[in-house]
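If you want the building blocks of each chain, they are given just below.
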Amino acid sequence: MTDIADIAPLAPATPARGGRRLRLTRAGWVGVAIIAFWTSMALLAPVLPLPAPNASDLAALANPLPSAAHWLGVDLSGRDILSRIIWGSRTVLTVAPIAVAGATVMGALLGLLAGYYRGAFDSVLSRISDVILSFPVIILYMIILTRFGASALNIVLVITVTKAPIIYRLVRAMTLELAGREYVAAAQMRGEGAAYIMLVEILPNARGPILVDVCLRLGYTTIAIGVLGFLGIGLPPPTPDWGGMVRETYGMISLYPHMAIIPCVAISTLVIGFNLLAVGLRRRTRRG
Amino acid sequence: MAEPLLRCEGLTVDYGAGEGLQRAVEDLSFHIDRGEAFGLVGESGCGKSTVALAIMRYLGSGGSVSAGMIRFQGTDLASLTPSQLRRLRGAEIAMVYQDPLSSLNPVMTVGRQLMEVPLLHRTRDRRQARELALGALAEVELADPESMLGRYPHQLSGGQQQRVVIAMALIAEPSLLIMDEPTTGLDVTVEAAVLALVDRLRRRHGTAVLFISHNLGAVGRLCDRVGVLYAGRLVEEGPLRQVFDNPRHPYTRGLLACLPSVDRDRRSRRLVPIGGALSEASRLAVGCAFADRCRHAVDGLCTGQPILLEPVTDESGHSVRCVLSDRLPDFRWPAEDASPLTEGIAAEPVLTAIGLGKRYDLPRPAGGRSSITALQGVDLQLERGRTLAIVGESGSGKSTFARIVLGLTVATEGEVDFHGANIARLSIGRRSRDLRQRLQMIFQNPDSTLNPSHSVGYALERAVSRLHGVRRSGRRAAVARLLQLVQLPAALAERMPDELSGGQRQRVAIARALAAAPEIVVADEPVSALDVSVQAAVVNLLQDLQAEQALSLIFISHDIALVRYMADQVALFYRGHVVEAGPADAVFAPPYHPYTRMLLASVPDPFARSTAAGPREAGTVSSQEGGRGCPFAARCAWRVDGLCSEVDPPTLEPSDGHRIACHLGLQELPRDIAST
Amino acid sequence: MLRYAVRQLGYMALTLLGVSFAVFVLNEFAPGDVARKLLGAYATPEQVEHLTRELGLDRPVMVRYLDYLGHLLTGDLGQSLTFKVPVADILWDRLSNTFLLAGVAFAVIVPVAIVFGVAAGIREGSLRDHAITIGANFISSLPEFATGVFLASIFAVWLGWLPGTSPLSRGGNWSIAAQLVMPVLVIALYDVGYLIAMIRVSMIAVMRQPFIRTAVLKGARRRDVILKHALRNALITPFTAILLQVNYLVAGVVVVETVFAYPGFGRLMLQAAMSKDIALVEAGTLVAVLIAMTTQLVGDLAYMVLDPRIRVQA
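Chains as they are written, first to last, in the working numbering: chain F, 167 to 454; chain G, 706 to 1381; chain Y, 17 to 330.
One or more of the hints may lead you astray.
[As the list claims (entries may be wrong)] Selected chain G positions facing chain Y (in silico; Cβ < 7 Å):
#	residue
1	Met-761
2	Ser-807
3	Leu-809
[Unchecked claim] Which chain G residues stay away from chain Y? Per the calculated CB distances, all over 10 Å, these:
#	residue
4	Glu-714
5	Ser-749
6	Arg-794
7	His-826
8	Glu-1015
9	Asn-1150
10	Gly-1162
Calculated directly from the structure, the hints in this document are not laboratory data. The beta-carbon is built from N, C-alpha and C at its ideal position, and this holds for glycine as well.
Given the sequences, and given the hints that come with them, work out the whole structure.
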């Protein structure tokens, strides 16, 4: 009675499907290279043969320009710039990822909840998120950090709270769209719990845009950390901080521009790296 | 002989190049004479839309004409300069598209978009353009053209939008109108009205039409000649009646054999699907592209050498691309009693809906609330081992009914009795596992029915473990068994959904629903998104499974012919009310409820001898969300003013188990579909 | 729509109230701080306590807050500790300077972003598109202080074409306009990258829509298709983003103001925060939040006006 119907010869299985390997454009790989460079610098800092970042070489102040003893020269206090740059990368690459991770987890969880349950929960959260997003962030930084002091923890907290709404909005929008899909209804009919549906059915399908956004956030957070340091409300000296380095030396650009330019270049390249990675990912994870 | 209006000679269109080359159309030749309607039919992937775009020279980046030429009024379209082409578009050749809402600019008024056409091609005077626009709107039979000019596309219904697009296409009086799936996605009654309109207009203006569709019925309604496309090649061509009544190509025969018809139920014939699937390799095959799926194919004769389009003996104008066509037997419906074995099972009710109702209270964006009644006073019964079909157009409430039964939403009034318990207000979260296991669903859209991030095996395993509690060790075997049940190879468990075809995904969805060995399966438009040849296969599978597992099936569809084929019991929904219900034989025979009659008259049947007159529709009056009176009163041609829109209609019983809700007496009910 | 606007204004008032309370509490919770600051670091505890009582700072928080609100509503913003003048004077002065800077920057950013965003979006994947995207990406990766340092090094130190600082002084060597060039350039370079990306994405999405195909196949000229059909649709979403830039330009330019010593609002706030000039901080925060909420409200209303799908009910 049954027909032999619709049994198409299976197309050969596309390789490596299981793991969904990361595919990037060339620009994306350049970004990865830059990030890898700075990460290795940060990791290797303690073992590299560098002068201590806070040690003043007063003798070198006579000629602070790059020389054989100090490859990138010294700053106004005689500290070796190369060493401070490399140690400074540790600061940035610790604070930024932690802050972004916190923001992502917080934003994603709240976004899932708001998009799935909707109702009052959603309205309240969205309103709070709108307020935070429309708030002039710099002022928030200024007030919080001057009131409570600028420690690494405070900076991480402040950045987490100000960046979380962006991810919240993104995940919420995607959840709203995906929650109406038929496979979600099918899961509900299996009696799957809300947590399972949100984390196993919905979240994996939002992976792409979230990943892209994380890279962008890393870039913006790096800039934010630099700005905080530049304004003097970042990590207190003598911690080597790229933004702080610019702050101390930009007044001297008419005499010794290298002191300010070098940390500017450092921070710019790292941000470019993150942005290139984001662009590279976006072109590859765009699903129709 | 006069030069045809459009002549396509040996057209070959490719996308991409080198390794990624995809041949969309191969060696296509046809012509359209002045004032003639030519239909191009085929399933998805056959290249018919590409033909339309190639004529308009709008293939986009990546698409190119590799060979052949298209002549319009004798001129080679490829030789035109961009400004000549611009003058041609909209004025000489115009196009109507599939999805009218997204084909119209959402931030421009209808009037402005309409007026743009004459302003580009005919005149510089805005007043004159406005007059022309008003005239065009009146010609497509839209009410109140003056106010329509100032409206925005999203304020119009689907049918109205498509009429606007047609008006926009015809306003400059083109000689050729290309229509690319213009009625797909529209309700059946709206589709019938639009097709009738196009027919009237083209005869009045002498416009030639190129009608592209996968819907053979719609093509049959409108066209004089037809061409059948498969894998980018024209396999058969000729006058419509000849091709449909005496098809000479195995593919055409296959297509016609798998179409359900309103006149025939499953007792008289069985739908025969076309086996296999279209593969990329067959597109580029030197011989017949259909050879790998054709039951008559002869190796060596059908493969390996190019096959040309040859005239059919004794039939002028009819050509076919098949070397065996002369040897094929006469075309006959495969007469096979396809009624399922469940006829032996005693009919007892398993699910009963009594007075079921659902009302939504929605907050309006500007404040205040509006109330929408999705269902009202629904009484239905599903019998064991039988199929209850629910027919309705968009907004009829059929999906709401399904969701209530399954617990995805709850009713606001009435009850649903299942094994003695009322489940109408039991949401899915509050149902016991046992209950969930007994009621399962198959969804409409094969693209979103499976989670794209989960493999087929995972999805099925999850269903098996959650609903059946099968232990880890037994799950693999259970999954393999399920796949076998739906005739899919066991190796499919490793694959991800985007590696499967639409038909295969839908089969997996069926397997998932069956994982728990349910009692009742609700199928909401399970085959609407599939190609016709695949639909037949899935429908047959459902029926076989129903027989094997003694399933009770609620089959929701807007496709009346399919319902006729499948159903034991039918219920017709209109705007949340059941207007007619009963055994399929009784419902599809006179007397009819006016809405049933309208639906049946709207269905374009490729096998109909006479052109159906189309539904008789009274001028649509906007109906309020009143809740009183007959819901169909606003559109009913038999409406009794003062009565039908004020008082709820009584229930008539023309025969045992057959109910019609109408104010007309039994003798006054319409009994005839064909006459006006 | 009117009802919506009124409701939003209500929310705004509520938010402002909440923010003002939060800032007040944050700064003035410990009463001793204020007095100590006034007296300096060497004050004895008795002196501090005495002044505290004299200034009425030992009253409960809520009382002090309501007192403060009362002052606000009469227009008295308090006295600035650092500048020794009424807050109102210094606030409006600096704010107007920032508006000047922001205004000029805005006038540069918006047209440039639209032109480049549209140019990239109408030919997706072309060389032009890639060049613009990479360029936009690059410049939005540079923090403002970095751009400031680079530009200053080139144009002020090396070439000497522009002044190194912009204190907005008249009668000096440099005209006001010359003093504005580099700050505006730095702001523009940073901001325009983001807007170009946004507009480009929106344009690409619109160009893919079927109604563009309809317009082309009607016989419309390419120029008309872009300007009349596509643009209006493409600018709806970025419009809100553009308005939000105003929001950013008010306080976010503190970096630029610091680099070029520009007497603006951002720098004022920074100084106030660092020196715990409470009255100034509170007043400044309220002004900034007010501006932010207003631009958001204007953005929402404009969005309703621009998109008929929202403005007109189906």
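We went through each hint and held it up to the structure:
1. Met-761: 6 Å, holds
2. Ser-807: 5 Å, holds
3. Leu-809: This interface hint holds because 6 Å falls under the 7 Å limit.
4. Glu-714: 23 Å, holds
5. Ser-749: 18 Å, holds
6. Arg-794: 4 Å, violated
7. His-826: About 6 Å separates His-826 of chain G from the closest Cβ of chain Y, which leaves it inside 10 Å; violated.
8. Glu-1015: It holds; Glu-1015 of chain G is separated from chain Y by about 35 Å at its closest Cβ, greater than 10 Å.
9. Asn-1150: 20 Å, holds
10. Gly-1162: 35 Å, holds
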